Amino acid sequence: MHDLGALSDTAFLIASTIKVLVAFVVTLVVVAMWTLAERRFSAFIQDRLGPNRVGPFGLLQPAADGLKNLLKEESSPGEAAKFYFMLAPMLAIAPAFLLMAVIPWAAPLPTPWGLVDMVIADVPIGILFILAFSSLGVYGLFLAGWSSNNKYAFLGGLRASAQMVSYEVSLGLSLIPVFMLVGNVTLTETVWVQQEGLGIWFAFPLGLAFFLFVIASFAETNRLPFDMPEAEAELVAGYHSEYSSMKFSMFMIGEYAHLLTQSALMATLFFGGWDIPFWQGDDMRVIAPGVVEGAEPAWWKSLLTFFAFAAKTLFFAFVFIWVRWTLPRFRYDQIMDLGWKALLPTSLAFIMLMAASILVLDTLGLPFGLGYGLILTAVNLVAMVLFFWVLDNDRILAGASARREVERRPSEDEAVVVEEPEEPAVPTGAGV
Amino acid sequence: MTFYSLLWWVFAALAFGGGIGMVAGRTPVASLLSLVLTLFSTGVIFILLGAHFIGVVQVIVYAGAIMVLFLFVIMLLNLGHDYQPDLRRAGWIAGASVACGVLAWLIMRTFTHETTLVASGGGMTAAQAVEQHGAVGAVAMPMFNEYVVGFELTSLLLLAAIIGAIVLAKRRI
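Protein chains in written order, with this note's numbering: chain A, 1 to 432; chain B, 1 to 173.
It is worth saying that the hints were derived from the structure and are not from the lab. Take the hints with a grain of salt, since some may be wrong.
What the hints assert, rightly or not - Away from chain A, derived, C-beta distances all over 12 Å, residues of chain B:
id	residue
1	Trp9
2	Gly17
3	Val23
4	Ala90
5	Thr110
6	Pro142
7	Val148
8	Gly150
As the list claims (entries may be wrong) - Here are the simulated EDC-like cross-link-like pairs (lysine to aspartate or glutamate), alpha carbons at most 20 Å apart as the crow flies:
id	chain 1	residue 1	chain 2	residue 2
9	A	Lys151	A	Glu73
10	A	Lys151	A	Glu232
11	A	Lys151	A	Glu38
12	B	Lys170	A	Asp337
13	A	Lys68	A	Glu38
14	B	Lys170	A	Glu79
Since we're looking at a predicted model, the values are computed, not measured. Don't be surprised by glycine CBs; every beta carbon is placed ideally from N, CA and C.
Just need the whole structure built from these sequences, with the hints factored in.
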């Protein structure tokens, strides 16, 4: 127990203002650099060079893009509902930035004026706050599609609302096992239980929940392979077809800010947040203003844990890019099937499984700690093997090409062709 | 006036304005967005009263999920652009007077009756319950202890409603 003194009211106000400004600016800068990273990584994956002309290694490309968008002429469709057309980009960008407020970035920082929490607002409803505001994000997309008065934009908005409603359910349900282990919903508590209470990152005892959360996050942020609302091959650019210059840019910033929040959430909920693995020196939590339980806070610990958090978050940011340039887009009905028929039952079954396991372990009187976590990891491993075995055999999700593959396979085998004489074998090299 | 009461007035005004906008909106989409504003502001007022969980559930369930379903129906039926108001002058006057009457009765009751927020379960106030069980536990404790039968019956009722809706929509499953 270390008492470092609480901040006075004025100091709290100043510290909070600084934290808000820093979080806002850092988010904007990361989003700007992310657009560059996306293009460079996609170039790398597709064996191209990517933007490398503006500044060293193309690092000033985001600045050039921003300037271009600011100076570009703004066009507005004649038949649009003007007020809602203006409102939509704002509604898209605001929730994404608000979410950053509740995510803890680092260990609490001791200052001469008292202990400063490295989270803007440690609200008692933690993760529920994030679910609430990310569910409001859909209004921006829908409104953009509706107010543009353009059928492609309208279809994009329609798809956005259907998809986000479907996947929000699995997103929320995949978090319930986390709540059950933490016994609370605040994010600081989640980090503490992973550090000290259970002593193991939730990605291990709740691996299936992590997997479901990742899939639902991709759908929730409209990223490929789930980017139906803006599928350019079908809908021009989907809900933002009619937008140009800075309004278009706001949709982009909002989308990337949402991605950043989801990456930070994956790191916080399942990979220990700002915890540095295999080191007890950073295991601490604030139990009252200025009072810390566990290890002693120090400025260099705050710095190191911040780097740990940034490294984990940026890794998941990279995964978002990696997946986008690796997987092709799903068909719309496949997305709905996956959401309602695969992810929803799986997440419900997983909640039951975890609740039963926790009940059994508690009844046996096992102490809450590393052994507890390892047993849950074993249970989870079985569940994951089962889940992937079912998913991986074209039983639930068979793409059109996979089904054709299955149909074609018998014709290659001569014994089967004899059994079905009415279907002539496809001659090889016919270019089917 | 403290910062909290300022916030309260702002969101109360927004909720009120949203309510009027919802009734007076010229298109279904405008009405829907006004209703979202009202529900969101009500959620904020719950949080200002210290009922964090109720406030955030209000936003998740009503503003975030149910309203998106409404939206979906409005968009699917394409009610957005040509729309005839279905309330005539007499209907407007009757509806408005009933609403004003209820509002006046509520305001009168608020000022004449002294009420305190008491959560059931040991007669604790809401603030004490939150301190003891956390924002979620304060709601979960009475719900799964004292009122567990009612709670389960309600969920059964909802399940029956869902199955009924499926049967009505799809004769042959």
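Here's how the hints hold up against the structure:
1. Trp9: Correct as stated: the minimum Cβ-Cβ distance to chain A is 21 Å, above 12 Å.
2. Gly17: holds, 15 Å
3. Val23: holds, 18 Å
4. Ala90: holds, 30 Å
5. Thr110: holds, 27 Å
6. Pro142: The assertion about B:Pro142 holds, with a minimum of 18 Å to chain A.
7. Val148: Answer for B:Val148: holds, closest chain A Cβ roughly 16 Å.
8. Gly150: holds, 22 Å
9. A:Lys151 <-> A:Glu73: violated, 24 Å
10. A:Lys151 <-> A:Glu232: Between A:Lys151 and A:Glu232 the Cα gap is close to 14 Å, so the pair holds against 20 Å.
11. A:Lys151 <-> A:Glu38: Since the Cα atoms of A:Lys151 and A:Glu38 sit roughly 29 Å apart, the hinted pair is violated (cutoff 20 Å).
12. B:Lys170 <-> A:Asp337: Judged against 20 Å, a Cα distance of about 18 Å means the pair holds.
13. A:Lys68 <-> A:Glu38: Holds, at roughly 19 Å.
14. B:Lys170 <-> A:Glu79: violated, 38 Å
Checked against the numbered hints above, the structure violates hints 9, 11, 14; every other hint is satisfied.
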